[in-house]
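Novice: In order, the protein sequences belong to chains U and C. As numbered in our numbering, the first sequence has no gaps in its residue numbers, which increase by one up to the final residue, 789. As numbered in our numbering, the second sequence has no gaps in its residue numbers, which increase by one up to the final residue, 789.
Heads up, some of the hints might be wrong.
For chains that are exact copies, the list does not tell them apart, and a pair is met inside one copy or across any two.
[Stated by the list, open to error] Computed list of lysine to aspartate or glutamate pairs in EDC-like fashion (alpha-carbon distance at most 20 Å, straight line):
#1 K738 x E285
#2 K636 x E603
#3 K583 x E688
#4 K636 x D615
#5 K738 x D280
What the hints contain is simulated information worked out from the structure, not anything from laboratory work.
Protein chains: 2
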Amino acid sequence: MTRSLWLATCLSWLPNLCNMDFLRVACAQINLTVGDLAGNAARITDAMAWAEDVQADVLLLPELAITGYPPEDLVLRDGFVTENIATLHRIAAQAGETTTVVGFVDRSGGTVRDDAGHSRVHNAAALLQRGRVRGVYHKVLLPNYGVFDEDRYFALGQVRSALWEVNGVAAGVSVCEDIWVDDGPPADQAAAGADVLLNINGSPYHRGKGEQREAMLADRARAAGVPLVYLNLVGGQDELVFDGQSMVFAADGSILYRAPAFVEEMFWVDVPLPEEGRSGVEATLVSGGDLLEGDPEPPAPSHPQLSDVASVYAALVLGLGDYVRKNGFAGVVIGLSGGIDSALTATIAVDALGPDAVWGITMPSRYSSPGSVEDSRALAKNLGIRFDEISIEPPFTGFIETLGTEWDLTEVDVAEQNLQARSRGAILMALSNKFGGMVVATGNKSEMSVGYATLYGDMAGGYAVLKDCYKTLVYDLARWRNRDGEVIPQATIDKAPSAELRPDQADSDSLPAYDLLDAILERYVEGDASVAEIVKAGFDRETVARVARMVDANEYKRRQAPPGVKITTKALGRDRRLPITNGYREG
Amino acid sequence: MTRSLWLATCLSWLPNLCNMDFLRVACAQINLTVGDLAGNAARITDAMAWAEDVQADVLLLPELAITGYPPEDLVLRDGFVTENIATLHRIAAQAGETTTVVGFVDRSGGTVRDDAGHSRVHNAAALLQRGRVRGVYHKVLLPNYGVFDEDRYFALGQVRSALWEVNGVAAGVSVCEDIWVDDGPPADQAAAGADVLLNINGSPYHRGKGEQREAMLADRARAAGVPLVYLNLVGGQDELVFDGQSMVFAADGSILYRAPAFVEEMFWVDVPLPEEGRSGVEATLVSGGDLLEGDPEPPAPSHPQLSDVASVYAALVLGLGDYVRKNGFAGVVIGLSGGIDSALTATIAVDALGPDAVWGITMPSRYSSPGSVEDSRALAKNLGIRFDEISIEPPFTGFIETLGTEWDLTEVDVAEQNLQARSRGAILMALSNKFGGMVVATGNKSEMSVGYATLYGDMAGGYAVLKDCYKTLVYDLARWRNRDGEVIPQATIDKAPSAELRPDQADSDSLPAYDLLDAILERYVEGDASVAEIVKAGFDRETVARVARMVDANEYKRRQAPPGVKITTKALGRDRRLPITNGYREG
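This is chain U alone, in the form it adopts within the complex (with noise of 0.2 Å):
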């Protein structure tokens, strides 16, 4: 029975008997950036080239490859989707036998306008073989709500259960949200007869979601009795990190292949089809030629799932990193005050870019401690990094002075205080003008959250890399990192935290205990919890009424911020979208 026979058997809605072994099916876990078409591009046909040579009879691309992921208002403009839907047929144009399904924009039905005006676009899966686009799918359920507005883009597809012919096995591909419903199209595609689920992903990290998508999709490739590749978009993208992690699932939901995590990988397994003889089902062909031979090759040993601290450290690394390197930047500076905020981060810095592309500056004052200068000394030699020191008593002194007839200077109060933390960002934005570096900014979410940090003060910089991490978490971070050998100073992190803006001056002068504070924002920032709610929890009123107020009334200051890298499931930032003018008092 020759190939094509069996196939137009398969496809005439009879039973048929055929007992396929095993699809292979190579999925390229890749690093892409928003809006460049052609670099994207080059990385796709790469990867295409290499699945050709692996005989791979699919090849998984991430979501919206082609423009990368979220490219957010460049679908608004017509020339990009242009641009987009040309890259898409030069790359359609260098497929071969191999099955290549990527992602890209696709223009709905060409008289679809929203109420702005603009073509109603869809998030699309294009299916590409022998020189052609062979089919689109759309993706179904958008999702709009924490950092996703994909109702603002596109246009939500409208046949969730197609399925498509890879030679002789019927596929059905889906696109990242699409699976994260029990009955989303994923399950119609199953019930219309797949042998395969296939679902590609711009799925950004944050903790714990790599164990929580492991265990959701076991339960779809068990509910739906078939096989299931997820294949995930890996690297940074201003606030996002997309952790990769791509997994493939036998159709028993026992786990049978998982990606490593913040890493590229290419990688194929040979998917078992399952035993029973498939019935013929409706499917677009979409190449008609035969499977592999022979037994499938075991795939190779999963990667572990990483710790939860060693993850959210790796995110940090790669969203700084790719940040820095997809920017253009040639190294980052680093205000080092001898606390734990600044050597954490130059020390993730260091690990993301290498320590020649790290330069920390000290910046003492008349209020410094001596551990200030000492203590970042010790940092930056552990590190292996460019080190000055810079004194702001200048300019710190030249405020006061053309400040003096403004005010009569009795004691330091918040406005000399913020006078010095300025004066530092001004430095280091004026080494990164003469020098090309990118300032990080070293403040964390404890001090994000109420507002107890500096505007273009400490606040300053491109990247706030701690953004999204309590001060309690800053702390397992070093102390992780510290594992084999001192690297972040003991004496930083043992030492009573302070701005060293006053004399004496200490964190706790200002604020509740770091541990009883980050316990309240978590309730009160990532659970949206009321104040009663969280009283309720156990805590005194009058804390957490304060550390609310606090909260709200730093919005402004959270506004003007950096992007900083999302780790949790309520980041500072597109996340959390609260208004500055807010007159709402828990009471």
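Given chain U, put chain C in place with the hints provided.
Specialist: Below, chain C without anything else, positioned relative to chain U:
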């Protein structure tokens, strides 16, 4: 025939011959505050008492009047939604004979939760009468484009054609976006037999929207063949200004009354009801009272529509004023450079807050022209504001001194220029920290688009009132403000724009002429046109490509900019969400 017997007849699906003359509709075009549930409730119950006094059949209050609009992520807080509903019931308890239509956040069926686990709620209008909530309408069409994110928060209303029986009149109630689509819920309500359409709004201003809205509403009334009352919110909320301009239309689409723009007004109109006997229709009984007898009072004369420039100016005054007032600042601090941006900013601030609340600071350096101080002094005198001179030389010299070991000062480049701007920013912030006024940033949209501004320098401040005004419009606004006599010194209007950060600097050294720049920007930013399309419209390719590159490369600055008043169809804020990391290069 008693009123109740008559009503029973009207509601029994039988034709009726009752000839009602007019419905007295009261409208509270008021200025509310997001989150201030108690304050908003007080404003609402005041309006209810007034409507009762004037014997109104119906009182309209704005969309989401109880929470203020837009409440953004406050609606993701269960506690906030609960308090808003409790507030509604407290308000309802005070309802008398007048039927009050008021916006609030309603819980959906109870079990619907979105993917992020939040209870889904509705953007709703409640009908209150005699101490009770008599009915609730759920907004059907949810805007999710431009500045709007309503799909993030609200579930879609399912009942489009509900009618409400008020004193024998069948009223259709809808919310904002519902009326912008020509076959939206109001059309269905008219088809179902509505005698009048009532539409409550939180519709923000942009240039030309008043005229667009009025033409659209006239069409809707004409198409429906029944009168239409449109009530809009007024006031500033972060980036948005709601312009009021509530309107009442007769059944033939002619305008009966137009309320003023940008100010509060409580008004009522006796809306003539269609002459022909209305058919009995299915409606939910809200109020079984009687309409007023006698002849309707003729409406007051309509307020004129403002000219384009006058309306922009009014929007800026209201936007800045409300931001300052609602965030609790007693006044503002503004750096006066002698240039037109800061002069116009200070003038707007005085018109918004009064001269006693505005403090002008001139901060000369070695590069300042004599005019920068003199022209600023003349402006301050014209405005009657406090004016002080604070030299930036001491801190600037201090920066150069302390940075001396890091580089050889040769000629002043962008690093030294930015240090001057940042010295000024730090001085203004110090005055703000010491004395409590908010710093107003003075940058315009042309500068903000191409990044011709210093982050943490002239971009420092709580609010940037001209952020959405191109430089050419800034000139138009200044000339318009001077129409009755010189406020902004003519020398300030006449001089060539310069940042004065190095000898003989002019904006034209770095940028195309502003009329050319603004024409390109309008196409690129508001129009989302491609470089090729703009070139086709008659512009020089190299200039267009250079401008587009500058816009794209400076997204990181805009992301850390203060908010400002939206006056165009696409402001540089929530309205325009481009990635910072963006490899897209046209061409």
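Novice: Compare the structure with the hints numbered earlier in the document and write down the numbers of the violated ones, lowest to highest.
Specialist: none
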